[in-house]
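Visitor: One-letter residues, chain by chain:
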Amino acid sequence: MTLFQLGAVLFGLWMIYEIFIFTKKKVLNSAEAGFWLSLWLVFIVIALFPNLLLGITQILRFSRVFDLLVVGALMILTFLIFMSYFTQKQVKQRVEYLIKQLAIKEVRVPSKK
Amino acid sequence: MKIKQNIWVVIPAYNETNYISRVLSKVLAETSQVIVVDDGSSDNTCAQALTFPVHVIRHRLNLGKGAAMKTGCEYAFSQLGADAVVMMDADDQHEASELPLFFAAFGRGSQVVFGIRQEPKEMPWLRLKMNRLGSFLTYLVFGEYILDIPSGFKAFTRQAYQTIAWEAHNYAVELEIAARTAKAKLRYDYVRIKTVYHDTNKGMTMLDVIPILWYLVKLKVTL
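In order, the protein sequence lines correspond to chains A and B. Each residue of the first sequence is one higher than the last, beginning at -8 in this note's numbering. Each residue of the second sequence is one higher than the last, beginning at 9 in this note's numbering.
Some hints could be false.
[Unchecked claim] To list a few chain B residues with every Cβ distance to chain A over 12 Å, as calculated:
id: 1; residue: N14
id: 2; residue: I43
id: 3; residue: V45
id: 4; residue: D46
id: 5; residue: D47
id: 6; residue: F60
id: 7; residue: R68
id: 8; residue: K78
id: 9; residue: E82
id: 10; residue: Y83
id: 11; residue: E175
[Claimed, not checked] Each computed DSSO-like pair below joins lysine-lysine, with the alpha-carbon atoms no more than 27 Å apart:
id: 12; chain 1: A; residue 1: K80; chain 2: B; residue 2: K226
id: 13; chain 1: B; residue 1: K202; chain 2: B; residue 2: K228
id: 14; chain 1: B; residue 1: K193; chain 2: A; residue 2: K83
[Unchecked claim] Using C-beta positions, here's what the derived DEER-type ranges look like:
id: 15; chain 1: A; residue 1: L39; chain 2: B; residue 2: D51; range: 31 to 41 Å
id: 16; chain 1: A; residue 1: F57; chain 2: B; residue 2: Q170; range: 25 to 35 Å
id: 17; chain 1: A; residue 1: Y88; chain 2: B; residue 2: I218; range: 52 to 62 Å
No wet-lab data here; the hints were simulated from the structure. Predicted model only: the values in this text are computed from it and were never measured. Backbone N, C-alpha and C define an ideal beta-carbon position, used for all residues, glycine too.
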């Protein structure tokens, strides 16, 4: 095992610990926790046994497993950024709508003399 | 179409405790139809506005100038039946005595009225150059050279508002209003207004310029 693999395994274990914490705080439900746990377990297995991906690497014509992982990670990151952008835009629109509606509802009208 | 006289003045305000009372005193000398939109100020802007016989709307959070302007317009048109609105800044950089000029412009059938600042030497040099650059770029993109786009002293009819109802929340709102006016080929007019500067460290800065220019590109694509 290389130092890099050791670092990756420790990082994966740390993320699994975080999942347990968030599940305990009820931020994640059991389905979400199960999904993320599976993902990080797969991450740890690949970190320990990268040769498991050799088959996929050859099919996709990558020269190294590392290249496959980097490209895969970039695609996932791009997708997450894309989804985050739309989510935050949606939340922003809803907050603005709410604030405007509240503001107009609570308007102070001068009393007529 | 000539406008009947149901014209409201909308004043978006954010942390203008130093000027709001002075502005409202001057505006109320010209018209009683005034709406102040406090955009989540953290000072006494709202409290001071409440001491005047004006409609006061308060955003609980700061949303930006464009959002405050839109709230004021939507309130004026939907709740008060306004035929037109005049937008004014709350920092006493607009002369309330010039409001009748905007009212008169509506009488001539204008749909949008831009207040253009005379005496350009009063304007800080860099702002003057950026101002002209904005007009030139708008001309390049939309084919219409509109003067003094950043001026917040402007007015539009209800029908014009439905066409130019902007999406920008920040200082890009002035650019978007000009762009949409140009794109829709609305009848617009100019009114010469005085140039007044108090705090040159407030308002639009160079940091706002690049996002605004980028917004112009977005408008070209989306409009």
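Visitor: Decide, hint by hint, whether the structure agrees.
Guide: Here is what the structure says about each hint:
1. Look at B:N14: its CB is around 16 Å from the nearest CB on chain A, clear of 12 Å, so calling it non-interface holds up.
2. For B:I43, the condition that its CB be more than 12 Å from all CB atoms of chain A is violated, with the nearest at approximately 8 Å.
3. Look at B:V45: its CB is around 7 Å from the nearest CB on chain A, not clear of 12 Å, so calling it non-interface is violated.
4. Some Cβ of chain A comes within 12 Å of the Cβ of B:D46; the nearest lies about 9 Å off, and the non-interface call is violated.
5. For B:D47, the condition that its CB be more than 12 Å from all CB atoms of chain A is violated, with the nearest at approximately 9 Å.
6. At roughly 8 Å from the closest C-beta of chain A, the C-beta of B:F60 falls inside 12 Å, breaking its exclusion from the interface.
7. Listed as outside the interface, B:R68 is inconsistent with that label: its C-beta sits roughly 6 Å from the nearest C-beta of chain A, within the 12 Å cut-off.
8. With a least beta-carbon separation of about 8 Å from chain A, B:K78 fails to lie farther than 12 Å from that chain, contradicting its non-interface assignment.
9. The Cβ of B:E82 does not lie farther than 12 Å from every Cβ of chain A; its closest approach is about 7 Å, which violates its non-interface assignment.
10. Not every CB of chain A is more than 12 Å from the CB of B:Y83 (nearest about 5 Å), against its label as outside the interface.
11. Distance to chain A contradicts B:E175 as a non-interface residue, since its nearest Cβ pair spans about 10 Å, not more than 12 Å.
12. The suggested pairing of A:K80 with B:K226 holds, with an alpha-carbon distance near 16 Å, which does not exceed 27 Å.
13. Our distance criterion of 27 Å between C-alpha atoms is broken by B:K202 and B:K228, whose separation comes to about 31 Å.
14. Between B:K193 and A:K83 the CA atoms are separated by roughly 31 Å; this puts the pair beyond 27 Å, and the hint is violated.
15. Between A:L39 and B:D51 the Cβ separation comes to about 59 Å, which falls outside the hinted range of 31 to 41 Å.
16. Distance hint check: the CB atoms of A:F57 and B:Q170 are about 57 Å apart, inconsistent with the given range 25 to 35 Å.
17. At about 28 Å, the CB distance of A:Y88 to B:I218 disagrees with the hint of 52 to 62 Å.
Hint compliance for this structure: hints 2, 3, 4, 5, 6, 7, 8, 9, 10, 11, 13, 14, 15, 16, 17 are broken, all remaining hints hold.
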